[in-house]
Amino acid sequence: MKTQTLLYYIGAFIFVGLSVLTLLQLHEAKYQIEAGGFIIIAALIYYGMVTLYFKGSRRTFIMANACLAVIALCGIFFNSLLFGGH
Numbered sequence: 000m001k002t003q004t005l006l007y008y009i010g011a012f013i014f015v016g017l018s019v020l021t022l023l024q025l026h027e028a029k030y031q032i033e034a035g036g037f038i039i040i041a042a043l044i045y046y047g048m049v050t051l052y053f054k055g056s057r058r059t060f061i062m063a064n065a066c067l068a069v070i071a072l073c074g075i076f077f078n079s080l081l082f083g084g085h
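Just so you know, numbering that gives the first Met the number 0 puts 71 at position 72 of the sequence shown, and the rest follows in order with no gaps.
None of these hints come from the bench; they were simulated from the model.
We put the CB at the ideal spot given by N, CA and C, even for glycine.
Wrong hints could be hidden among the right ones.
What the hints assert, rightly or not - Across the chosen pairs, the derived CB separations fall in these ranges:
id	residue 1	residue 2	range
1	A68	Y46	30 to 36 angstroms
2	R57	A28	27 to 33 angstroms
3	L22	A71	40 to 46 angstroms
4	G55	A28	14 to 20 angstroms
5	L20	S56	17 to 23 angstroms
6	T2	L81	33 to 39 angstroms
7	M0	I32	34 to 40 angstroms
8	I9	A68	19 to 25 angstroms
9	M62	L20	28 to 34 angstroms
10	T2	Y30	33 to 39 angstroms
11	A65	H26	19 to 25 angstroms
12	L5	A41	15 to 21 angstroms
Construct the entire structure; sequences and hints are all you get.
Written out as structure tokens, the structure reads:
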């Protein structure tokens, strides 16, 4: 089995598990939709990054990781500005 295929199977296992847990633990539809949207976006990013790693150039993969890191840091520090605070 190729490494790329193995990573796809591992990702499918993780994201299906997260989806099942979301359906079992969250009882309001509003929260299920919110968590489901997050899981779908995370899965798309995961599969995109795996595909980029194996089919794209190394430079492009590193640049995409750097962009994701900057976005994550901005989300941490500007969370209260973006989503409101207490």
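Evaluation of the provided hints:
Evaluation of the 30 to 36 angstroms hint for A68 and Y46 yields a failure: the beta carbon distance comes to about 19 angstroms. The hinted window of 27 to 33 angstroms between R57 and A28 is violated, with their beta carbons roughly 43 angstroms apart. Checked against the given bound of 40 to 46 angstroms, the beta carbons of L22 and A71, roughly 26 angstroms apart, lie outside it. A hinted range of 14 to 20 angstroms for the beta carbons of G55 and A28 is inconsistent with their spacing of about 38 angstroms.
For the hinted restraint 17 to 23 angstroms between L20 and S56, the CB-CB distance of approximately 36 angstroms leaves it violated. Checked against the given bound of 33 to 39 angstroms, the beta carbons of T2 and L81, roughly 37 angstroms apart, stay inside it. The hinted range of 34 to 40 angstroms is satisfied by M0 and I32, whose Cβ atoms lie roughly 35 angstroms apart. Against the hinted window of 19 to 25 angstroms, the Cβ-Cβ separation of I9 and A68 comes to about 22 angstroms, which satisfies the hint.
The given range of 28 to 34 angstroms is respected by M62 and L20, whose C-beta atoms sit roughly 33 angstroms from each other. Taking 33 to 39 angstroms as the suggested C-beta distance range, the pair T2 and Y30 conforms, at roughly 36 angstroms. Taken as a hint, the range 19 to 25 angstroms is violated for the pair A65 and H26, whose Cβ atoms sit roughly 39 angstroms apart. Separated by about 19 angstroms at the C-beta atoms, L5 and A41 satisfy the suggested range of 15 to 21 angstroms.
In summary, the structure is inconsistent with hints 1, 2, 3, 4, 5 and 11 from the numbered list given earlier, while agreeing with the others.
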